[in-house]
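Okay, here's what each chain looks like letter by letter:
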Amino acid sequence: MSQQDPTPTSRRPIHAGRVGLLLLVLAVLLVPVPTSHTPRTHHITIDASQFEYSPSRLAINQGDTVHVTLASSDVVHGFFLDGYEIEHRVEPGISQEFTFVADRTGKFHYRCSVTCGPLHPFMIGELVVGPNELVWRASGLAIIAVGAMLAGARQRRSV
Amino acid sequence: MLLSRAFQPVSMLLLLVPYTLAVTAGLLGTSAGNRNFGIVFVWIVWWAVLMVLLVPGLGRAWCTVCPIPAPGEWMQRRGIIGGVVKLRGMGLRWPRRFRNMWVQNAGFLIMALFSTVILTRPSVSAAVIVGLTGVAVGMSLLFEKRTFCKYVCPVGGFIGLYSMVAPIELRVRDAQVCVEHRSKDCITGNENGYGCPWMVYPGKLGRNLDCGLCTECLKTCTMDNVVINLRRPGADLAQPVPGKRIDEAFKALIMLACSIIYPAVLFGPWATIKEWAAIDSFGGWLIYAVGFLTATVVVVPGLYWLAVARGHRRSSSNLTVRRAFNEYSHALIPLGLAAWIAFSVGFALTNGSYALAAISDPLGWGWNLFGTRDVAWTPYLSGAMPFIQAAILVSGLFFSLRTSLKVGLRRDPSGATTVQTTTPIAAFLLAATLILLWMYLG
Ligand code: SF4
Ligand SMILES: [Cu+2]
Chain C
1 MSQQDPTPTS RRPIHAGRVG LLLLVLAVLL VPVPTSHTPR THHITIDASQ
51 FEYSPSRLAI NQGDTVHVTL ASSDVVHGFF LDGYEIEHRV EPGISQEFTF
101 VADRTGKFHY RCSVTCGPLH PFMIGELVVG PNELVWRASG LAIIAVGAML
151 AGARQRRSV
Chain B
1 MLLSRAFQPV SMLLLLVPYT LAVTAGLLGT SAGNRNFGIV FVWIVWWAVL
51 MVLLVPGLGR AWCTVCPIPA PGEWMQRRGI IGGVVKLRGM GLRWPRRFRN
101 MWVQNAGFLI MALFSTVILT RPSVSAAVIV GLTGVAVGMS LLFEKRTFCK
151 YVCPVGGFIG LYSMVAPIEL RVRDAQVCVE HRSKDCITGN ENGYGCPWMV
201 YPGKLGRNLD CGLCTECLKT CTMDNVVINL RRPGADLAQP VPGKRIDEAF
251 KALIMLACSI IYPAVLFGPW ATIKEWAAID SFGGWLIYAV GFLTATVVVV
301 PGLYWLAVAR GHRRSSSNLT VRRAFNEYSH ALIPLGLAAW IAFSVGFALT
351 NGSYALAAIS DPLGWGWNLF GTRDVAWTPY LSGAMPFIQA AILVSGLFFS
401 LRTSLKVGLR RDPSGATTVQ TTTPIAAFLL AATLILLWMY LG
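If you read the sequences in order, they're chains C and B.
Letter by letter, the first sequence follows residues 1 to 159 of this note's numbering.
Letter by letter, the second sequence follows residues 1 to 442 of this note's numbering.
Chain B extracted, bound-state conformation (with noise of 0.2 Å):
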């Protein structure tokens, strides 16, 4: 089934569907958030099937499906089957100053300062899912293949950083075929599928972050030298931070800070900042706005900062600690990870109901499609919910440690200053921990 050509864009003409729906709900249907088909299947249905299962258990698989790019990639293809091997769009390159994280990094940040706007009424939602597909399509027209997927879709980067944590991956077989190979048909295209539309050389691919995952070059290979693997969940993270860039490790403690802010906005007691954050009055939204960004640019990041230069400090490392800001970010992965997951399963099982109503009345118009219009609403599994959360962000913070000490060993093999250089990042892994279980359960 991977293996032919009709796999991905038959997956997305098929979530072309519901997404077709979500956006017309939200367009044209009732303002009321939970009883909109556009709301509930984005914000409960999809949200939670991409947090709990997609991106923990495959990784980068919603890339796979995803439907915001497939008019610009089909326009480029000239067909969404098999269509022309020689692209057509202009083609250019995307600079090299921001082939990075960081285009993704403000538009999640900027995304999140209206997030509960666009939580909770239809028409943003779906005017906000209509721009992007708009960005896409007009950066496929003006950029070569998925150059808005790799480096500015804002979900795209938080996926990507998180389907490190995936127990599978694509990957070669071996590596020296590849070099040895001349024709390098994962590149160019063949007739059996496109050259990577993610502008990866599989021969060198060594993280699922920079995988979209569509499939092409398991057709394309020709050495039969591309596989998909099961591995030892979180594999990626012993691996090294390519380069002296860190914004992978802003996107992974603004990932963090969000998923402390996140649930403390929306679940928490607080009415005003609710209010704040749902712009009733535009300095109230500032002040949120401000504190937020605060929150997530400078406070978290400066703490981990100081975390880095403290355990630095007393290791025999040379390296810059920006560097080992960089390289002990991938400790903070499988928390921040975690925060998401138990978010998502509490917003979702608590609202769960809402899609059975919202299938069967999709506008809110009274219809009754399927009978289920009249579901009451229940929580699932309340009396659960917060032994399931604590498992949940015990568990990730049990990883992150890990990792952390991983990465220390790394950075010195034998071992000698390990304990010293971590025990300041684990101090600021638990200290998110408590946090995040103080807020849940406290």
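This is chain C alone, in the form it adopts within the complex (with noise of 0.2 Å):
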């Protein structure tokens, strides 16, 4: 990830790589991913129990409908996404059902919001709405750190 030649003669280099690197980072935070992704539904059973979700990941694409049919096989539970602040309680036998558009990208817990026992504050799920651009802006910016920070003290060295 090195952005920048050590040329040991002049402080000009220094400068050149001090701007190449923040544009560097610029790119990695704002560029655009692009997506082409046509919309479409989801219909997706959860199931609650003691003390997880089937299915307990979940993936799909930023403008996605999903309808979600909530159920309970043990005690009453909750369900509360992350991010998209939605919360259902669901009774034994008494499935909801809801829907929503996921707009928003990334990836969103979902929580069991009523209290079921020793592990309910633990109770989790996750939703994965792509791209997931957080986690790789982040990710880029974590390997562009090693690198900056390699290059520079090979140049300190240089100079």
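Where hints are given, some of them may not hold.
[What the hints assert, rightly or not] Covered stretches of chain C, as calculated for chain B (at least 3 residues, CB under 8 Å):
#1 105-117
#2 141-151
[Claimed, not checked] A few chain C positions that, by computed beta-carbon distances, are all more than 12 Å from chain B:
#3 V19
#4 L22
#5 L23
#6 L26
#7 A27
#8 T41
#9 I60
#10 Q62
#11 G63
#12 T69
#13 T99
No wet-lab data here; the hints were simulated from the structure.
Ideal Cβ positions, reconstructed from N, Cα and C, are used throughout, including at glycine.
These two chains come separately, so use the hints to put the complex back together.
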């Protein structure tokens, strides 16, 4: 990930290196991710039981419509979707249905919102709405940090 | 305020109030953890305040006010504020071979093996707190001063380690004044305060890890030589790790490993692992325990060792690999702390609203002391959380990389081999960061 050649003669390369680094960081943070995806509708049945959701991980795409049938197979549970702040309560034997459009991308946990036993706060599933830009951008930043740091150290030595 | 003899004992007394409430609620209250003051105030509120605010901001400040050693310390002193100068109790010295972090490492790992149960069962949580206090009292009777805090407390170990990141420090103004000062009241104590309960000689204090911030030497020093400084965050990390000991390096590695394992187990979508960790069956827990110990004691330290050894081979340094293992361990600290902050911020903001209900109904018996019993559970900032966590983790990596370069430069001031020796460490740090990022966000 080195973005500059260590030219040990003048101060200019350092300057150019900084500008290059800044541009690279901005690119990683801001360049839009092209998507060519036609929205579709998912019919998903989520079963809640102590202390898990099944399925425990869902992957869809931005713009998709999600029709959820929420059921419980033991005690009263809840369903709270981080980021979307959708909340439902489900009693055993009486399923709940709701629909939402996945307009925000990223990973969102869904968690139980009705105290249902010792592990209740950790009754968690995850919904990934693609394209999951945040994790790629953050990973890109991490890689650039390593590259820039090592390149900087190399340059400091050669100047 | 810090100069008053009452400062520390009064702070401890004040904290004994929520401490007693938490223990009582844990023992008598509802078994639903998230409705019990004992769980909510210890593992949501205290933990978050500790890891997100106190340790990164004020270092060992928790150790200043912690109520756990209070009863034992007051027994040694035969008083709460300004008791006898000559301490009571047997005053034994802690065996030399344990004057390091190994007991704390072991204690932390043992607690970590049961952490899911401790975190979710109020009575177990209360028993652990009472048990720690009991050990602290017993050790105060047998051993000198704060031997328990310094060498045994499993919490004190990582607070000390991560306190080196904090932007404050207690130090002497001029070490030469200490050398020339014959009576060394900071060690012996005098009418203004006790001799250092943490068995530290301020004149040689170099890292926050060793200082319990009890503030006694601020009172006892007759030369007005002890001060609390604001400083560049993480200044201690540029200091060499003393001696050949690798206990501190192991502490840093164990904490980094746990900062990955905890969120995977507790926040991940794998219910089976949660059940193992919660000891639903002994067999399941055994699998978890073996996996946990292998990861924390063998795999993560082993990979780090390989990274250090690989860099070492290309360096001109004539120090041993063991020594390099030790020195570079400071680079694990910012990332480890960042990972714990990311974990704690997520847990606290998601579950913080339970505190409002628990304060009105601490035992879960239906009381409504402050009218907040029925406040609904609401995660705070759930949409912003991934961005917050990403920023914390990437910053942690950044500071860890800087530390690794500084260590590399210190080992080889010419800088000729810094890049070669540090690259494998940087790769290790990057790998840990990417695992964390993908676990939280991916
Ligand atoms: S009493 Fe003050 S000057 Fe004397 S040794 Fe202790 S810290 Fe230094
Ligand atoms: Cu539930």
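We went through each hint and held it up to the structure:
1. 105-117: holds (count 8)
2. 141-151: holds (count 7)
3. V19: holds (19 Å)
4. L22: holds (15 Å)
5. L23: Check passes; 18 Å lies beyond 12 Å.
6. L26: At about 15 Å from chain B, L26(C) clears the 12 Å cut-off, so the statement holds.
7. A27: With a cut-off of 12 Å, A27(C) remains clear of chain B, as the shortest Cβ separation is near 16 Å.
8. T41: holds (23 Å)
9. I60: holds (15 Å)
10. Q62: At roughly 15 Å from the nearest Cβ of chain B, Q62(C) sits farther out than 12 Å, so the non-interface label holds.
11. G63: For G63(C), whose nearest Cβ neighbour in chain B is about 18 Å away, the distance exceeds 12 Å, so it holds.
12. T69: holds (19 Å)
13. T99: Holds: least Cβ distance 20 Å, greater than 12 Å.
Hint compliance for this structure: no hint is broken.
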